[in-house]
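Trainee: Heads up: the sequence lines are chains A and B, in that order.
Position 235 (the first sequence) corresponds to 235 in the numbering used here; numbering is contiguous.
Position 206 (the second sequence) corresponds to 206 in the numbering used here; numbering is contiguous.
Just so you know, these hints were derived from the structure itself, not from any lab.
Glycine residues also receive a C-beta, built at the ideal position from the N, C-alpha and C atoms.
Heads up, a few of these hints could be off.
Below, a list of computed lysine-lysine pairs in the DSS-like style, where the Cα atoms sit at most 25 angstroms apart [claimed, not checked]:
no.: 1; chain 1: B; residue 1: Lys-146; chain 2: B; residue 2: Lys-160
no.: 2; chain 1: B; residue 1: Lys-158; chain 2: B; residue 2: Lys-146
no.: 3; chain 1: B; residue 1: Lys-206; chain 2: B; residue 2: Lys-286
no.: 4; chain 1: B; residue 1: Lys-231; chain 2: B; residue 2: Lys-160
no.: 5; chain 1: B; residue 1: Lys-29; chain 2: A; residue 2: Lys-273
no.: 6; chain 1: A; residue 1: Lys-223; chain 2: A; residue 2: Lys-438
no.: 7; chain 1: A; residue 1: Lys-148; chain 2: A; residue 2: Lys-183
no.: 8; chain 1: A; residue 1: Lys-506; chain 2: A; residue 2: Lys-415
no.: 9; chain 1: A; residue 1: Lys-438; chain 2: B; residue 2: Lys-158
no.: 10; chain 1: A; residue 1: Lys-186; chain 2: A; residue 2: Lys-175
no.: 11; chain 1: A; residue 1: Lys-273; chain 2: B; residue 2: Lys-313
no.: 12; chain 1: B; residue 1: Lys-286; chain 2: A; residue 2: Lys-470
Residues from chain B that face chain A, not an exhaustive set, calculated with beta carbons under 10 angstroms [to be verified]:
no.: 13; residue: Gly-53
no.: 14; residue: Pro-56
no.: 15; residue: Lys-70
no.: 16; residue: Thr-94
no.: 17; residue: Thr-284
no.: 18; residue: Ala-287
no.: 19; residue: Arg-288
no.: 20; residue: Val-341
no.: 21; residue: Met-346
no.: 22; residue: His-349
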Amino acid sequence: MTTPELVVQDQPTSSPASGIQQVVNDFSIQIATVNGSGSQSANSVLLRSIFRMGVPVGGKNLFPSNIAGLPTWYTIRVSKNGWVARKTDIDVLIAMNAETAQQDVLSLGAGGAVIYDQSLKLDHSRADLTYYPVPFDQLAASTGAEAKIRKLVKNMVYVGVAAQLLSIDMEWVEKTVRKQFAKKVKAAELNLSAVRAGFDYAASSLTKQDPYVVEPMSATQGKIIIDGNESAAMGAMFAGVTVVTWYPITPSSSVVEDLIEYMKEYRIEPDGKASFAIVQAEDELAAIGMVLGAGWAGARSMTATSGPGISLMAEFAGLGYYAEIPGVIFDVQRTGPSTGLPTRTSQGDLTFIAGLSHGDTKHVMLIPGSVKECFEFATEAFNLAEQLQTPIFVLSDLDLGMNNWMSEPFEYPEKPIDRGKVLDAQQLKELSGFARYKDVDGDAIPYRTLPGTDHPDAAYFTRGTGHNEKAQYTERPDDYENNMQRLARKFETAKTLVPKPIVEGKGRQKVGIIAFGSSHWAVIEGRDQLERESKLGTDYLRIRAYPFTQEIHDFVAQHERVYVVEQNRDSQMLNLLKVDLDPAQVVKLRSVLHFNGLPIDARSITTVIAAQEGAVK
Amino acid sequence: MSTTPVTPQPPQPKTNRIGLQILDYRGGKTTLCAGCGHNAISERITEAFYEMGVQPERVMKMSGIGCSSKSPAYFMSRSFSFNSVHGRMPSVATGALLANKTMRSIGISGDGDTASIGMGQFVHLMRRNLPMIYIIEDNGVYGLTKGQFSATADIGSKLKSGVINDLPAIDTCALAIQMGATFVGRSFSGDKKQLSAMLKAAIAHKGTVMLDVISPCVTFNDHEGSTKSYKFMQGHEEPVAEVGFVSNFEDIAVEYDHDTTVDVQLHDGSHLRLRKLHEDYDPTDKARAMNLLMEAHANEEVLTGVFYVNTQKPDFTEMLNMVDEPLATLSPERVRPSREVLAEIMAEHG
Numbered sequence: 001m002t003t004p005e006l007v008v009q010d011q012p013t014s015s016p017a018s019g020i021q022q023v024v025n026d027f028s029i030q031i032a033t034v035n036g037s038g039s040q041s042a043n044s045v046l047l048r049s050i051f052r053m054g055v056p057v058g059g060k061n062l063f064p065s066n067i068a069g070l071p072t073w074y075t076i077r078v079s080k081n082g083w084v085a086r087k088t089d090i091d092v093l094i095a096m097n098a099e100t101a102q103q104d105v106l107s108l109g110a111g112g113a114v115i116y117d118q119s120l121k122l123d124h125s126r127a128d129l130t131y132y133p134v135p136f137d138q139l140a141a142s143t144g145a146e147a148k149i150r151k152l153v154k155n156m157v158y159v160g161v162a163a164q165l166l167s168i169d170m171e172w173v174e175k176t177v178r179k180q181f182a183k184k185v186k187a188a189e190l191n192l193s194a195v196r197a198g199f200d201y202a203a204s205s206l207t208k209q210d211p212y213v214v215e216p217m218s219a220t221q222g223k224i225i226i227d228g229n230e231s232a233a234m235g236a237m238f239a240g241v242t243v244v245t246w247y248p249i250t251p252s253s254s255v256v257e258d259l260i261e262y263m264k265e266y267r268i269e270p271d272g273k274a275s276f277a278i279v280q281a282e283d284e285l286a287a288i289g290m291v292l293g294a295g296w297a298g299a300r301s302m303t304a305t306s307g308p309g310i311s312l313m314a315e316f317a318g319l320g321y322y323a324e325i326p327g328v329i330f331d332v333q334r335t336g337p338s339t340g341l342p343t344r345t346s347q348g349d350l351t352f353i354a355g356l357s358h359g360d361t362k363h364v365m366l367i368p369g370s371v372k373e374c375f376e377f378a379t380e381a382f383n384l385a386e387q388l389q390t391p392i393f394v395l396s397d398l399d400l401g402m403n404n405w406m407s408e409p410f411e412y413p414e415k416p417i418d419r420g421k422v423l424d425a426q427q428l429k430e431l432s433g434f435a436r437y438k439d440v441d442g443d444a445i446p447y448r449t450l451p452g453t454d455h456p457d458a459a460y461f462t463r464g465t466g467h468n469e470k471a472q473y474t475e476r477p478d479d480y481e482n483n484m485q486r487l488a489r490k491f492e493t494a495k496t497l498v499p500k501p502i503v504e505g506k507g508r509q510k511v512g513i514i515a516f517g518s519s520h521w522a523v524i525e526g527r528d529q530l531e532r533e534s535k536l537g538t539d540y541l542r543i544r545a546y547p548f549t550q551e552i553h554d555f556v557a558q559h560e561r562v563y564v565v566e567q568n569r570d571s572q573m574l575n576l577l578k579v580d581l582d583p584a585q586v587v588k589l590r591s592v593l594h595f596n597g598l599p600i601d602a603r604s605i606t607t608v609i610a611a612q613e614g615a616v617k
Numbered sequence: 001m002s003t004t005p006v007t008p009q010p011p012q013p014k015t016n017r018i019g020l021q022i023l024d025y026r027g028g029k030t031t032l033c034a035g036c037g038h039n040a041i042s043e044r045i046t047e048a049f050y051e052m053g054v055q056p057e058r059v060m061k062m063s064g065i066g067c068s069s070k071s072p073a074y075f076m077s078r079s080f081s082f083n084s085v086h087g088r089m090p091s092v093a094t095g096a097l098l099a100n101k102t103m104r105s106i107g108i109s110g111d112g113d114t115a116s117i118g119m120g121q122f123v124h125l126m127r128r129n130l131p132m133i134y135i136i137e138d139n140g141v142y143g144l145t146k147g148q149f150s151a152t153a154d155i156g157s158k159l160k161s162g163v164i165n166d167l168p169a170i171d172t173c174a175l176a177i178q179m180g181a182t183f184v185g186r187s188f189s190g191d192k193k194q195l196s197a198m199l200k201a202a203i204a205h206k207g208t209v210m211l212d213v214i215s216p217c218v219t220f221n222d223h224e225g226s227t228k229s230y231k232f233m234q235g236h237e238e239p240v241a242e243v244g245f246v247s248n249f250e251d252i253a254v255e256y257d258h259d260t261t262v263d264v265q266l267h268d269g270s271h272l273r274l275r276k277l278h279e280d281y282d283p284t285d286k287a288r289a290m291n292l293l294m295e296a297h298a299n300e301e302v303l304t305g306v307f308y309v310n311t312q313k314p315d316f317t318e319m320l321n322m323v324d325e326p327l328a329t330l331s332p333e334r335v336r337p338s339r340e341v342l343a344e345i346m347a348e349h350g
């Protein structure tokens, strides 16, 4: 995954009938609704219809920690250049929430358009906008929908209005609605009649006066739209996960909920039995305990959680590290500290997880930067956990996990399933004795046996207390030190196995940027802005795992100044780098931080770097 | 003519039905105090698995933290052992059994490990009816931290320092019955006969077996004024029934009186024979079992015996409808869906 391969072949040319200079395929739509009003399907139809016209899109849901009643916003970014990070400016507003409507209108840029429920009477608020009042209730009623579902149908009416005003192809809207309601023909028809009611109303009663239009492109062919949590779930299934435990927590719940659906579909054997077990645990302590119990007994096990769950898992994380037990933990990060903003995004668990638990503990972290990597790293995490015999943490975030992203289709994992160093009864017979924690191969990874292995030498005593090579209890200073040194060496071995960073740019610039995770998309757009607006060329390295590999040291050494972009307050990645880097290199590091709970945008990066580099716009 | 000297046969070591000696079931040397009730329980466990002829490699020994949780090191060294973290053994045991449901599992906990720090996981283990034996080695006191009360200490019980416990004891048996365990009983580490029969029946049962075994702490809780001392138990133990066990490989034709004895056929065909010593005793009735326990509290008796047995309720691994083989070792072809499946999912997202 590098810069988006969305080369625009032929720029769509426009002939504005109204004399307004058209803005084609480069704007944002914001839909303001009330949480629980069922707008999700409508927003999805809008997003996917534009996508199917070949135009790059990104969809982000900004929602409250609430079941129903509080405001929620969905943003669709339409970008011919393929930029899909959050864009702060909104161009087209669909105002469905009376409570926030005034404020929503004030936040628009000059020249923006407002589609709104005519009862809200918004047209006096500002003179520099185009207003499209729509009698939503009346149009929803005209579909013949029963009163109790009119609220839902209303959402489809705005899809129709937007389709007409923004020139979204109705053929694609229809196909998308039919696909979305594939199993419910009646619902599809009702929704389509609502879309048409909106479309017809706009055609007959509204006059297009704003500049924003969608024109067909061919930049999305072969691509998919998916969120990171579903991608991770899929990755786990293809990794051959067998034991899944969880305790529901936003924003990670859909990892397991989607996984349950996939496993029911694809992992039930012909005799109707499951090649897996999924357990909703009593809390995160139990969830991670089950993961380690299962990993110890030989299953590929996982759990998914978010910050508060990670806090609870700290004790077991140390046991997993010290007793050397495989397991995979997905952390879909949200803002902390404490309960924080449960429905907002963050990259704030980094330093905590790096050393999660008391004593000298170190953990391997995989940090996907795209939905495709959520899939790939999920698959890889299970191999790494068993190869390294340790818990592997996969750090996604709410933005990546719960929002809609375009992606190349995922590739089938070519790497075979690697169960690591496990001795069976036959191998034990050939060996003269088995020592669970002995470094036989010089890579600091010992051999293990699974419960049930039919050989008198197979059993060993797993413990979180001090142990020697034979897993026997010990308080001897040299036993303790030797074991801890071996664990440190095992962490070095991990460097040879984790995904390497990805470098973009020719490596000849003075300024380097380091980022990771979902920040990637804002960084690539930011680099383009710096180049175009300030003639400031940059090189870019994206970290994909911890422990850090040599490429990261080299990258910092090759640049005069390196900006570390991250979505937390305390420069967590920069601080982890500080520990690893040569002191002469550390002074080159600078922070670009974004931590207000919203996904990072390109402008936030560009502004800071341009200012610090003295680059003029 | 040659003579064949008659050489005396060396005595054959005694073996069980799978040809193993008691030595094959022994553990490491105990590091607990001399006279600790836990050591007697380890002995009984060793004998029970030997007598039942269970292959030691087919057993997982699980524990949390505390004196009790150390004891899996002192029996059955050929079994796989996991000494986890304080109060969290139930979750680890659950995961291990999900990974390999063909294994047998025995968990050793203590009163602190279960009734205080581990209460959350304990009740959920009972609720799931996970097929394992869960033993609380119950002495009412924290040993490794030198003698603080635990939550099973009786009201009015006295510490060595003279401190009186003024909070009610948690009855782990009542709790286990209420939460869904399917074999619940209490015994005493000093009652060899009863404990042995209960352990063998526990091995034959499929579902959660919860045994609270009063196991006096000779160092911190065996003095005058303690309700968990050897002396107190000798004076207050009140068996609800005499526990008899007839294994599936023994002759079960032994006659018994149907009026006074409850016969329960366990999952492996063994029989639990419970000769009533208490008028209201009915181990198949949850409400009556609870009632007996409540009355005993009021009378300051320590009821022992099997309080409740239910052989009908499905255990957790059955409820999950897993394949017959252990999940842990399924072949890659059975756990990684095909290329066609991925292509199908990708098409749905296009």
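Trainee: Hint check: is the beta carbon of B:Pro-56 less than 10 angstroms from a beta carbon of chain A?
Mentor: 8 angstroms, holds
Trainee: A closest beta-carbon separation below 10 angstroms is what the hint needs, so does B:Arg-288 meet it against chain A?
Mentor: 29 angstroms, violated
Trainee: Going straight from one Cα to the other, do B:Lys-206 and B:Lys-286 come out at no more than 25 angstroms?
Mentor: 18 angstroms, holds
Trainee: Between the alpha carbons of B:Lys-158 and B:Lys-146, is the straight-line distance 25 angstroms or under?
Mentor: 15 angstroms, holds
Trainee: Could you check if B:Ala-287 really has its C-beta closer than 10 angstroms to a C-beta on chain A?
Mentor: 26 angstroms, violated
Trainee: Is the Cα-Cα distance between A:Lys-506 and A:Lys-415 25 angstroms or less?
Mentor: 30 angstroms, violated
Trainee: Are B:Lys-146 and B:Lys-160 close enough, with their CA atoms no more than 25 angstroms apart?
Mentor: 11 angstroms, holds
Trainee: Quick one, is the B:Thr-94 hint okay against chain A at 10 angstroms, beta carbons?
Mentor: 5 angstroms, holds
Trainee: Check whether the Cα positions of A:Lys-223 and A:Lys-438 lie no farther apart than 25 angstroms.
Mentor: 48 angstroms, violated
Trainee: Let's test the interface hint: is any C-beta of chain A closer than 10 angstroms to that of B:Lys-70?
Mentor: 9 angstroms, holds
Trainee: B:Lys-29 and A:Lys-273: Cα distance at most 25 angstroms?
Mentor: It is violated: about 44 angstroms lies between the C-alpha atoms, which goes past 25 angstroms.
Trainee: Taking the closest Cβ pair, is B:His-349 under 10 angstroms from chain A?
Mentor: 4 angstroms, holds
Comparing the model with each numbered hint stated earlier shows that hints 5, 6, 8, 9, 12, 13, 17, 18 and 19 do not hold.
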